[in-house]
Every structure is written in C-alpha cells, then in structure tokens.
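Novice: Now for the letters of each chain:
2 protein chains.
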Amino acid sequence: MIERNPMNEEIIYDEESLIESLEQDDIIHFRELFLQLHPYDRATLYKKVEPELRKKMYFYLSPKELAEIFELSEIDDNDYKIFLEEMDATYAAEMFANMFVDNAVDVLNELDKSQVVSYLTLMDKESATEIKALLHYEEFTAGSIMTTEYVVIPQDSTVRSAMTILRNAAPEAETIYYVFVVDDDERLTGVVSLRDLIIAHEDTFIHSIMNERVVSVLVSEDQEEVARTIKDYNFLAVPVVDFQQHMLGIITVDDIIDVLDEEASDDYSKLAAVADMTTFDKNSFSAAKKRLPWLLILLVLGMLTANLIGAFEETIAQVALLAAFIPLIAGTAGNSGTQALAVAVRGIATRDIEDESKFKLLLREAGTGLLTGLICAIFVVGLIYVWKQEFLLGLLVGAAILVSIFVATISGSFIPLFMHKMKVDPAVASGPFITTLNDLISTLIYLGLATAFISNL
Amino acid sequence: MIERNPMNEEIIYDEESLIESLEQDDIIHFRELFLQLHPYDRATLYKKVEPELRKKMYFYLSPKELAEIFELSEIDDNDYKIFLEEMDATYAAEMFANMFVDNAVDVLNELDKSQVVSYLTLMDKESATEIKALLHYEEFTAGSIMTTEYVVIPQDSTVRSAMTILRNAAPEAETIYYVFVVDDDERLTGVVSLRDLIIAHEDTFIHSIMNERVVSVLVSEDQEEVARTIKDYNFLAVPVVDFQQHMLGIITVDDIIDVLDEEASDDYSKLAAVADMTTFDKNSFSAAKKRLPWLLILLVLGMLTANLIGAFEETIAQVALLAAFIPLIAGTAGNSGTQALAVAVRGIATRDIEDESKFKLLLREAGTGLLTGLICAIFVVGLIYVWKQEFLLGLLVGAAILVSIFVATISGSFIPLFMHKMKVDPAVASGPFITTLNDLISTLIYLGLATAFISNL
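Protein chains in written order, with the numbering used here: chain A, 11 to 467; chain B, 11 to 467.
Just chain A, with the same shape it has in the complex (with noise of 0.2 Å):
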C-alpha cells in the first residue's frame, strides 16, 4: 500500500526499481509498478527521469496512460515544449485527444499555431472540434478553464433514466456528482447533485426533486471571479452558460484551486516586483531575467528622487546630519505605501472591498494615515532627543514622517483603488509608482522644511 508519509516528507515508492526496470527494458516489470502510483506520483517521476528514460515511457506507455500526467497541472509550461518534442507527433496528438479538453486546451494553448493545428490534424475528429470549440475563448475567461464533459439530462427524465444516463457517462465525464437539467432549447434549468438522486425513489420525477436556484456563471466571466463564486459557495462544480442561459459547460473545484493559487502567486510576485513568481527558476539566468526589468526600472525612478536630493546638496553641505535620517523618512513613507497598498489589492482580489462604498474607505485609510502618522512622528521626536539630544531636528524628521505617512497611505490604497476601476490590474503598476511618488514627496518635505529652518540647525 502506498501513501504520502507526512513525518519525513517522501512519497513510498520503489522508484530505483522503477528506473532500473526501464533501463533493463524489462517493460512488463515497469508498466507493473507504475501504473500502481498515483497519477500525481507518475508525474512527479515522469519529470524527474533523464531524456532517454522518458523516451522509453513513451513506447511503454499508451497515449491514454500519458494523457493522466498531462491531466496534472504539475508540469511547468516550459517543460510541456520540451516533452512533446520528445514524442512522435502522432502519439502526442492521440494523447491530447484521451485528455479531458479542458485539459488539452490548457497545454494547447501555450504551444505556437502551427503546432496545435498539426495535432489537430492528426486527432481523431470528434476530439479535435472539441478542442477546436475550446481554443477560441479568450485566456483567464470561464470560457478558457470550463470543460464541455458533463452530465445533463431532460428536465422530464425520472430518476432512474437519469441514473442509467449518469452510468453511461460516467467513465468520461469530469464530474457527475452534479448533472444538470435542461429544457427542450437545451437551456439550464436545474441542478441535481448525485446525493440527492441516490436518495431519491426511483420513479421520481427529475423536475420534482431539482434545484432551480442553480447559480451559473457567464462564459465571458473572469476566471478569478469564478474562483471566488465556487469558493464562497462551496461548490465542487458551476455550470458556464451564455447569455441565453444555454449550457456550455462546467468548471470543476479542482480547476479552480489552481487559478486561486496562480492569483496569490501572482499578486504576491507584483508586490514583491519579480515579473512572474508561477514556475519554479532553475537557473540564475531565468531567475535574474524575472527580477531585472524592475530592478531597472526602479534604479531610473530611484534617480528621480536621487537628483531631488541633489537640488538640496548646499543645505545638507551646511548641516551633514540631515542626510542620515533620509532613508529612514523614505523607507518609512515606503512601508506605510505598501501597506495601505497590500490591504487595497488583497481586499480587492477577495472582494471584500466591493462591500462598501470606496468613499468611506478612503476616509477610513486618511483616518489610519492620520493615526499611525502621528505616533510614528511623535516616537520619532522620542528617539532623536534620546540618541541625539537635538530637539529641533527631531522635529523636523517628525514632521516629514508625519506628512509622508499620511501621503504614503492615501496614495497607497487610492491609486489601486482607481486603476481597478480602469479596468488595469492594481497589483501592476502600483507598486513603483507608489514607492517613488513617496520617497519624492517625503524627501521634498524634510529638506524643505530643514532649507527653512537652516539658521536654527
């Protein structure tokens, strides 16, 4: 029996007499073993082994056997180029056509035209207008991620058609712990979970026993909104439908984990300024390509704020003190931005923002700006009179803090705020933006108040 033991990390499983079998060809031994793993766990070996080994599989292995990895989303879209050169185009395109389309769609999708069209080509016909019907919705849409292998059934079947319906598509559809009912015009009706048809009498009447309130979610949808939709209501599927409320498929929960996963990643490489955070680096190139677009360009807005300062060079020249306190008053403008900027982004992605007006949120963040504001300034004054018994520059880079602080979280949670409402993602652009609008402002403040105050210095 296998299974994951959690004490040490390490899926059980025999993988040296795995790779010894393939390398001894002893095909009879291999196909034993690992058809015995969880897909997940063919996977994780399938990705591990060296190119030559993976060839083998590939003579081993039918193409339904394959199409349960690639099922998976646990391969690297980099690596999905490098596996499908490895095989013959046919046994790919046979491959593509055993995995549900949704699936296939996904891995199509990150390959270049004339690839997907001469798999296509080479798939039997049913499979490739599925695929063809798939492919053309829009990437991140319900359309994209929805798959078209689920269960419906006439609103005036009984139950027991609706079981031996339910038996015949069971080995191919995604999901049959829901089936949906349909009207003449194949327009969605209802809903029916397996759990309330096993529990049914059998000569019940579809129509009697389905919901009607079935929440759908538009083809066109963002596919973040649906994620959020499933998740608040604990579905395991929703059905896709379009405007006329005809049905055209469904997004199982599993899908869905992965797109919530994707945004958090997503959102949290945006703030961390690393270009894309969803696959792994395995090399320092990839990894120094991802992270220096935004090193530069926060190197050309850092000069911004470089030749601000440059402009005060005969006040700081008069008292030298004054330039150490302004990577503090910057860093600490800088913090309070990417606060107000974290909560704004964060509440925008799980919707708790839409509650309420944006009005009272942003007099909510002027009140909290206001607030840490002041005890920063105040603890500030506090701390430069301790260390340094100077009372007046305390003052000053209280002052500054004070103001930068208050500037930092307005801007912080309006600028997302706003670029939501353009329809732009706040997690982009805001960041920088933010950070050098706030080390400019702040900067500005201090050592134009310190150019003011000069003679008292």
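Rather than coming from a laboratory, the hints here were simulated on the basis of the structure. Worth double-checking, as some hints may not be accurate.
Note that the list lumps identical chains together, so a pair holds whenever it fits in one copy or between two copies.
With a Cα cut of at most 30 Å, we get these calculated DSBU-like pairs of lysine-lysine [claimed, not checked]:
#: 1; residue 1: 74; residue 2: 370
#: 2; residue 1: 431; residue 2: 74
#: 3; residue 1: 123; residue 2: 433
#: 4; residue 1: 57; residue 2: 370
#: 5; residue 1: 368; residue 2: 91
#: 6; residue 1: 368; residue 2: 299
#: 7; residue 1: 57; residue 2: 368
#: 8; residue 1: 135; residue 2: 368
Model the placement of chain B on the given structure of chain A, informed by the hints.
Specialist: Same frame as chain A, but now just chain B:
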C-alpha cells in the same frame, strides 16, 4: 430563478421584500423568501441587517436553519462573538449541534473556554462528545480541520450493501462521494468513489473494486501540507489517520480552499509588513493597530542606519552630493532582497523548493545576485555619467550597488530557508531583518568607499 449576474456583480434577490417582511413580522413570507436563497446569500443578508432584525431571525429560523449560515467561512471571527451574544444560549448550543462537526469546532475555537463549556453542557450528549473529540486537536493541524462525519464500510461488503449504507448516511455525511473501506480493526484499507460504486454491478465485493493505494494524512500533520496534498492529487477529500492507520476523520476540498486562501493572505500580509490581513478592517483604529507594530519596529531598525550614516557626517559635509544616492542604494538593496525573499517564501509554501538541494539553490541565488548586481551597476554608472558627468562618483555608487545586490540576494534567500529549517515561519521575521541588514551593509560599503576615495571626488 436566482443567479449571480456576472455583469454587474450583484446577486439578484429581493432584499427589500425580505427586510420588509422581517420588519412587519410576516414570518411566513420571510421564511418563504429566505429559505429559497443559497446559504451564502443568506449569510450575506444575515450579516447586513440591524441587530433587532437579526434577533427576530432567531425566532423565525430553527437552530438547524441558522446552522447552515454559520457553516460558511464568510463570517469574520470577530463577528461570531457579537452574533452569539444576541442569541439565547440554548438556541446557540442547538445550532452548534446541527453544524458539521469541523465547522462547529472552527467557531468554538474562537470563543472563550467558559463559553464553550456552557454551550457543550446545553447540547445533546452525542453532539457534545463529537465536538469535544475534535476540540483538543492543536490549531493548524489536520485534526483541527477534519470532520468525523464520513462514510465507512467494511471491506467484505457488496456494492449493494455499500449503497444502502451510503443512502442512510447521505443526509448527515459531509461528503458521500468517497467511501472509505476499513478492516475489522477500523484500519483504513481502501477507498471507493461513488462513481465506481454506481458503475459496478450490485453483487460485486467492495474489496475487488476498491483502490488500495489510498493517500492519507496523519492527524498531526500541518494543515498547509494537507492542502498541498489535496491540491496536487486533485482530491475531493482525504482521510485522516493515526500512526496505526486507524481512520479518524476526513478533510474536504472546500475546507482546503479556505486554508490555501488564508495561507496566501498570510504570506502576503507579512511581505507587506501588516500584522494580519485575513479579516478586512472596518475602522481606522483596528487598521492602525495592525500596521503600527511593524512601522515602529522598522523605525527603530531604521535608526541603526541613520546612526551609521551619522558616523560619516564628516565625509558627507565635504561632498554633500554623496547623500543624494543613499536612498537609491539602500532602496535597490531592499528591492533585490525582497525579490529573493519572496521567491524563497513562495517556493517553501508551494513546496517547489523541497525538490532540490538547498546548496544548489543558494548557489543559484548567488549567481542571480551577481548577474543582476553587475547589470544594475553598469546601468547606474552610465546613468550618473549622463546626468552629472561624474565618472568616479558613478563608479562608487555602482560598486556599492553591485555588492549590496549580491549580499541582499543571498541573505534574502538564505535567511528564510534557515528559518524554515528552524521551524520558524520564514515570512514572519525575515522581512525587516533583511531590509535593515541590507540598508546597513549597503550604506557602509558606499560611505566607506567614499571616505577612502574622498580626495578624488
């Protein structure tokens, strides 16, 4: 028919009529409208109305009906206490008894011990025993999020008898889509999906169709590990066992989505240095309370840098322009440190990092740091030359940036890995440490070099 209208983000239900029927004490009309709604929409209304109206609801709805609302993760932890105080204690106790055990435990864990005890005493004995059994599991472990409402069958049953057991268990069980098979000692030996059951012939023995390679998790395992297991394997539920493989409970996919979401919010809020972002703030004071601790800690740490710069007062007094680049250098070090930190923290969270050796990872990060540092340094030397026609000053800034990025990148990935190894949450403390460390090192290098070459500037 109700349905989410994705175009305007609104739930179309007749909120006004609902509130009106409450105000007019029209219990029949209220119940008719209210019970048609999905529990998620009921919860939305329940949270929204005034306390007096909510108090009416406790008379109009049975504890069981209210339980459906409390099952959802939609109610904030802080709100539980308020709502429970509005209710009669016996009513509340009966409501808990009617919830799925895992969800009841979730809510009870947020309350005071004495309050929990009083609810348990008022409850029927069976429910109280079930809840008590789960209450003692440590927070954030598999035990604390599992439910004991699952279906088990003996391994010598037939499909027919299994279906009978399932039908009887269906109204109570949290999921009936997996049925767990146990031996005479209640040890988990296999799993059968409802899909397999309805396809199989009625006289088939369970042990001949069950999957013996069942993936289970230990009751003491961390909930994030469980979440990753369910995500990787695309499960709808996973069984929880003790060291002797006795079945103790199951964890379902809907609970896991909440765990992944919390985890993401948690990492995100730590990167942004906000104490807790899992609940959205309703007023400035609670928001300020969450942001101030980090702001103040960072201020104190920032004083270290200010102190260090202060030590170079004389150098700056001679060449005041030097001060202009301090925020640029410290900022760039901070940015690259945050990037490396975020990649490491996210890699640990998604388990991507476990696949490879830590040494290789650090080597790669060193390479990334050198690469990005070098490119940024060359870039900045050019920028400063174009802007100020200063070559030596540019070289100074460039050298400081190269070393700072290199150190920041290595510490940004080493510190979280080290903390993870020490079983401390890497996201928690590494952020401000890394930033301060980088600030100190980068300014030390910069001003140190400047002092050494001051005669040439």
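Novice: If the cutoff is 30 Å on CA atoms, where do residue 368 and residue 299 land: within, between, both or neither? Let me know, please.
Specialist: between (37 Å within a copy, 21 Å between copies)
Novice: First find the shortest C-alpha distance between residue 123 and residue 433 inside one copy, then the shortest across copies, and answer within, between, both or neither for a cut-off of 30 Å.
Specialist: Result: close within a single copy only, 28 Å intra versus 47 Å inter.
Novice: Is it within, between, both, or neither for residue 135 and residue 368, if the alpha carbons may be no more than 30 Å apart?
Specialist: neither (52 Å within a copy, 48 Å between copies)
Novice: Please work out whether the CA atoms of residue 431 and residue 74 approach to 30 Å or closer within one copy, between two copies, in both situations, or in neither?
Specialist: neither (46 Å within a copy, 41 Å between copies)
Novice: For the identical chains here, do residue 74 and residue 370 meet the 30 Å Cα criterion within one copy, between copies, both, or neither?
Specialist: Cα proximity of residue 74 and residue 370: none, with 56 Å in one copy and 36 Å across.
Novice: Under a CA distance limit of 30 Å, which applies to residue 57 and residue 370: within one copy, between copies, both, or neither?
Specialist: between (51 Å within a copy, 19 Å between copies)
Novice: For residue 57 and residue 368, with the copy left unspecified, which applies at a CA distance of at most 30 Å: within, between, both, or neither?
Specialist: For residue 57 and residue 368, the Cα distance is within 30 Å only across copies (20 Å; inside one copy 48 Å).
Novice: Cα distance capped at 30 Å. Does residue 368 pair with residue 91 within a copy, between copies, both, or neither?
Specialist: between (45 Å within a copy, 27 Å between copies)
Violated hints, in rising order: 1, 2, 8; the structure is consistent with all others.
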